[in-house]
Amino acid sequence: MPELHWKNSDFRILPLHTVRLDEESAARKRDRLSSLIQAGEPDLILLGGDTFLSPVPEEEARRLLSDFLAPAVDSGLPIAFTFGEGERKCGLSDEALWEIFTSVPGCLLLDRAEGTDGFTDGTLPVFREEQGTPSLILRLFDTHTETTSYEREYGSPGRSRLPYPLYTPHYMDGVRFNQTAWFDKDQERIAERYGRTIPELFFFHTPTPEHAQLIHSQDRGGFDGVIREERKCQTVNGGIAMAAAESRTVLSIICGHEEKNDYFAEWAGMKLGVEPAFDHGAWIVSVTPAPSVQITRL
Amino acid sequence: MKTADERGKPLLRFRPDGSFRVLMISDFHGKPDYNPKLTWAIETMVAYAKPDFVMLGGDQLCGITPDILKSYLTDVTAPMTRRGIPWAHVFGNHDGEEPMSKAEQEPVYEAFPLCLSSAGPADISGVGNYCLPVYARDGEHVAYHLYALDSHTNVHDFTRKFGLPDDTVFVLPNHFSDGHDQATPMFDQVMWYYNHSKSAEKEAERKIPALLFLHVPLVEFCLMYRNPENVGFVGHKREDVACSELNSGLFFACLERGDVKGIFAGHEHLCDFQGQYCGVTLAYDCCLGYDMSTHDDMRGGRIIDITEDGGLSTRQVRLWDIAGEKCMRNPDFFEGGDKYYIRDLHT
Numbered sequence: 001m002p003e004l005h006w007k008n009s010d011f012r013i014l015p016l017h018t019v020r021l022d023e024e025s026a027a028r029k030r031d032r033l034s035s036l037i038q039a040g041e042p043d044l045i046l047l048g049g050d051t052f053l054s055p056v057p058e059e060e061a062r063r064l065l066s067d068f069l070a071p072a073v074d075s076g077l078p079i080a081f082t083f084g085e086g087e088r089k090c091g092l093s094d095e096a097l098w099e100i101f102t103s104v105p106g107c108l109l110l111d112r113a114e115g116t117d118g119f120t121d122g123t124l125p126v127f128r129e130e131q132g133t134p135s136l137i138l139r140l141f142d143t144h145t146e147t148t149s150y151e152r153e154y155g156s157p158g159r160s161r162l163p164y165p166l167y168t169p170h171y172m173d174g175v176r177f178n179q180t181a182w183f184d185k186d187q188e189r190i191a192e193r194y195g196r197t198i199p200e201l202f203f204f205h206t207p208t209p210e211h212a213q214l215i216h217s218q219d220r221g222g223f224d225g226v227i228r229e230e231r232k233c234q235t236v237n238g239g240i241a242m243a244a245a246e247s248r249t250v251l252s253i254i255c256g257h258e259e260k261n262d263y264f265a266e267w268a269g270m271k272l273g274v275e276p277a278f279d280h281g282a283w284i285v286s287v288t289p290a291p292s293v294q295i296t297r298l
Numbered sequence: 299m300k301t302a303d304e305r306g307k308p309l310l311r312f313r314p315d316g317s318f319r320v321l322m323i324s325d326f327h328g329k330p331d332y333n334p335k336l337t338w339a340i341e342t343m344v345a346y347a348k349p350d351f352v353m354l355g356g357d358q359l360c361g362i363t364p365d366i367l368k369s370y371l372t373d374v375t376a377p378m379t380r381r382g383i384p385w386a387h388v389f390g391n392h393d394g395e396e397p398m399s400k401a402e403q404e405p406v407y408e409a410f411p412l413c414l415s416s417a418g419p420a421d422i423s424g425v426g427n428y429c430l431p432v433y434a435r436d437g438e439h440v441a442y443h444l445y446a447l448d449s450h451t452n453v454h455d456f457t458r459k460f461g462l463p464d465d466t467v468f469v470l471p472n473h474f475s476d477g478h479d480q481a482t483p484m485f486d487q488v489m490w491y492y493n494h495s496k497s498a499e500k501e502a503e504r505k506i507p508a509l510l511f512l513h514v515p516l517v518e519f520c521l522m523y524r525n526p527e528n529v530g531f532v533g534h535k536r537e538d539v540a541c542s543e544l545n546s547g548l549f550f551a552c553l554e555r556g557d558v559k560g561i562f563a564g565h566e567h568l569c570d571f572q573g574q575y576c577g578v579t580l581a582y583d584c585c586l587g588y589d590m591s592t593h594d595d596m597r598g599g600r601i602i603d604i605t606e607d608g609g610l611s612t613r614q615v616r617l618w619d620i621a622g623e624k625c626m627r628n629p630d631f632f633e634g635g636d637k638y639y640i641r642d643l644h645t
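Protein sequence lines correspond, in order, to chains A and B. The numbers in the first sequence follow this note's numbering, run straight up by one, and end at 298. The numbers in the second sequence follow this note's numbering, run straight up by one, and end at 645.
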């Protein structure tokens with residue numbers, strides 16, 4: 001399995017949310033990715049969900065993704081991915097999409113979680129020099145689709161959709177509690193294996209209610225960004241932000257999903273951020289050796 | 299058939315007809331010179347409800363000193379002692395006030411032969427995270443679980459836990475709850491429940507239905523009054539839901555596990571409502587004390603009837619409905635305001 005190596009002073013990630021590949025925009029998006037790579041000089045490209053949205057035949061999806069990522073492949077950049085709700089609307093199975101994504105040269109295979117609801121839950125260790133202990137763990141979660149997906153599984157069909165929900169009337173699923181529990185258990189495994197905790201960054205598609213809390217109070221100090229649309233966070237809180245805060249090892253939780261919103265702020269000792277859709281903006285998320293997280297808009 | 303656990307405490311068991319009744323009473327706010335009407339109120343509620351088990355839902359006391367804690371608890375649990383009814387407790391946000399910490403109080407509680415509470419795992423946040431089994435009529439298998447969780451004091455418990463400066467702002471100026479700085483169970487407590495629930499299912503080879511008790515309501519309680527027609531709202535809401543803006547995912551954990559049928563809270567002295575979200579009943583038991591602010595017609599307790607096959611029904615019982623004006627703190631003056639008195643009694 002290819003490994004991620006931290007070669008320079010900072011480890012730089014180019015997360016790409018809501019790319020929504022289609023025939024019409026493919027060439028433009030490939031050119032934009034090329035520009036972003038040149039401007040951002042990333043060490044990793046991370047597709048954060050909704051890479052596909054519209055129904056697409058399997059071979060076309062393979063070609064669209066391959067063409068889009070060509071600038072990354074040509075630059076020898078490693079690529080990672082997780083799924084958002086769009087991947088469940090494009091007409092292809094999770095397994096088919098997994099095969100399409102992982103067939104791209106340079107695509108990293110996650111150390112996948114066992115026993116969670118998420119198809120793309122997993123970790124990517126980042127190694128610095130030749131040390132055997134990772135300096136950083138990138139943890140990816142699958143945020144599923146809408147609340148209907150777990151209502152079916154947990155036997156409460158339609159019941160999460162109240163007219164006046166706590167956070168947002170978009171009824172999104174998100175990181176479920178069993179995925180949060182996996183993080184908790186996996187942290188113990190990592191600490192046991194390496195004799196210490198390892199700093200982590202989380203990436204997933206649909207924001208947490210804690211992200212929405214930041215939007216809700218954007219006039220406070222430390223809020224960096226702009227809100228151009230209604231928040232669209234998880235409906236029932238799966239506890240991932242609190243688990244991350246309680247662990248004291250998570251530096252940042254980066255999400256997407258909200259197309260035009262572009263913000264980050266400190267919350268409980270972490271940086272929570274929502275990156276806009278590919279057509280509306282892009283970030284470089286840099287991890288310094290300290291470690292700390294710096295977000296730069298490209 | 300076993301009748302006692304390894305501590306010598308009585309085991310809870312469904313009645314021969316397959317029913318089991320819990321009475322939850324909270325917020326006594328007892329202090330060294332507590333109002334003697336408190337013990338009358340508890341006696342009245344217990345006599346009316348005829349429960350199999352009583353859960354004290356937190357804020358049993360405020361500033362009780364070590365020399366009188368035992369006698370105070372003896373007084374307030376006398377109605378259970380006289381009837382041989384087992385009881386347990388969760389701590390509320392006031393219980394840890396000076397001069398006694400919750401850890402110091404816990405052994406005093408546990409020394410009562412009918413008290414089934416326990417401190418819980420030492421490596422989990424809070425004091426009093428435990429699970430009580432309720433055995434089926436045959437006494438052989440567990441038919442229900444009663445979970446108890448400590449909901450801490452306030453949001454600063456989290457800043458300390460997270461290693462953050464004490465002035466860290468968690469309740470932002472615009473909030474989704476009603477905007478209070480309460481705490482909530484921490485993530486490690488939620489994981490404790492989650493793992494316990496999974497282990498119990500594995501051992502029993504089936505889900506074991508459960509009730510969950512804590513003092514401070516979860517933020518999901520706000521959904522009840524905001525969507526009354528959709529959740530089957532019943533009861534009164536005369537003040538904010540003073541929950542935490544923070545959320546450790548306890549409700550989602552319960553939803554996933556599918557065992558918790560109802561989550562019951564105290565804390566609010568002017569809320570006794572109930573409703574249902576995603577199939578889980580969320581309900582308050584209001585308050586029963588005479589040494590804090592409330593309305594005279596709001597004191598009461600919650601009856602929770604469960605059945606051996608996993609059933610649950612619940613209703614709030616107001617002391618006013620049992621004892622009338624006798625439950626008023628001051629017989630010459632109705633505390634609560636005409637607005638509520640007239641609306642609730644005459645509509």
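In short, the hints are calculated from the structure, not lab data. Even glycine gets a Cβ: it sits at the ideal position worked out from N, Cα and C. Any given hint might turn out to be false.
Restricting the straight-line Cα-Cα distance to at most 30 Å, the calculated cross-link-like pairs of lysine-lysine (BS3-like) are [what the hints assert, rightly or not]:
(1) 505(B) - 348(B)
(2) 496(B) - 185(A)
(3) 505(B) - 185(A)
(4) 500(B) - 348(B)
(5) 459(B) - 185(A)
Computed beta-carbon distance windows for the label pairs [as the list claims (entries may be wrong)]:
(6) 153(A) - 538(B): 32 to 42 Å
(7) 463(B) - 99(A): 16 to 26 Å
(8) 476(B) - 152(A): 24 to 34 Å
(9) 476(B) - 158(A): 34 to 44 Å
(10) 476(B) - 58(A): 44 to 54 Å
(11) 111(A) - 493(B): 20 to 30 Å
(12) 115(A) - 627(B): 31 to 41 Å
(13) 185(A) - 464(B): 26 to 36 Å
(14) 476(B) - 127(A): 42 to 52 Å
(15) 111(A) - 330(B): 37 to 47 Å
(16) 380(B) - 185(A): 39 to 49 Å
(17) 99(A) - 435(B): 34 to 44 Å
(18) 230(A) - 476(B): 16 to 26 Å
Results for each hint:
1. 505(B) - 348(B): 28 Å, holds
2. 496(B) - 185(A): Holds. Residue 496(B) to residue 185(A) sits at ~14 Å (cutoff 30 Å).
3. 505(B) - 185(A): Holds: residue 505(B) and residue 185(A) sit about 22 Å apart, inside 30 Å.
4. 500(B) - 348(B): 34 Å, violated
5. 459(B) - 185(A): Given that 30 Å is the threshold and the Cα spacing comes to 19 Å, the pair holds.
6. 153(A) - 538(B): 32 to 42 Å: 34 Å, holds
7. 463(B) - 99(A): 16 to 26 Å: 48 Å, violated
8. 476(B) - 152(A): 24 to 34 Å: About 32 Å separates the Cβ atoms of residue 476(B) and residue 152(A), which means 24 to 34 Å holds.
9. 476(B) - 158(A): 34 to 44 Å: 26 Å, violated
10. 476(B) - 58(A): 44 to 54 Å: Once the Cβ atoms are compared, 50 Å apart, the range 44 to 54 Å for residue 58(A) and residue 476(B) holds.
11. 111(A) - 493(B): 20 to 30 Å: 23 Å, holds
12. 115(A) - 627(B): 31 to 41 Å: 55 Å, violated
13. 185(A) - 464(B): 26 to 36 Å: 30 Å, holds
14. 476(B) - 127(A): 42 to 52 Å: The hinted range 42 to 52 Å holds for residue 476(B) and residue 127(A), with Cβ atoms some 47 Å apart.
15. 111(A) - 330(B): 37 to 47 Å: Between residue 111(A) and residue 330(B), where Cβ atoms are some 59 Å apart, the hint is violated.
16. 380(B) - 185(A): 39 to 49 Å: 47 Å, holds
17. 99(A) - 435(B): 34 to 44 Å: 54 Å, violated
18. 230(A) - 476(B): 16 to 26 Å: Taking Cβ atoms as reference, residue 230(A) and residue 476(B) lie about 22 Å apart, which means the hint holds.
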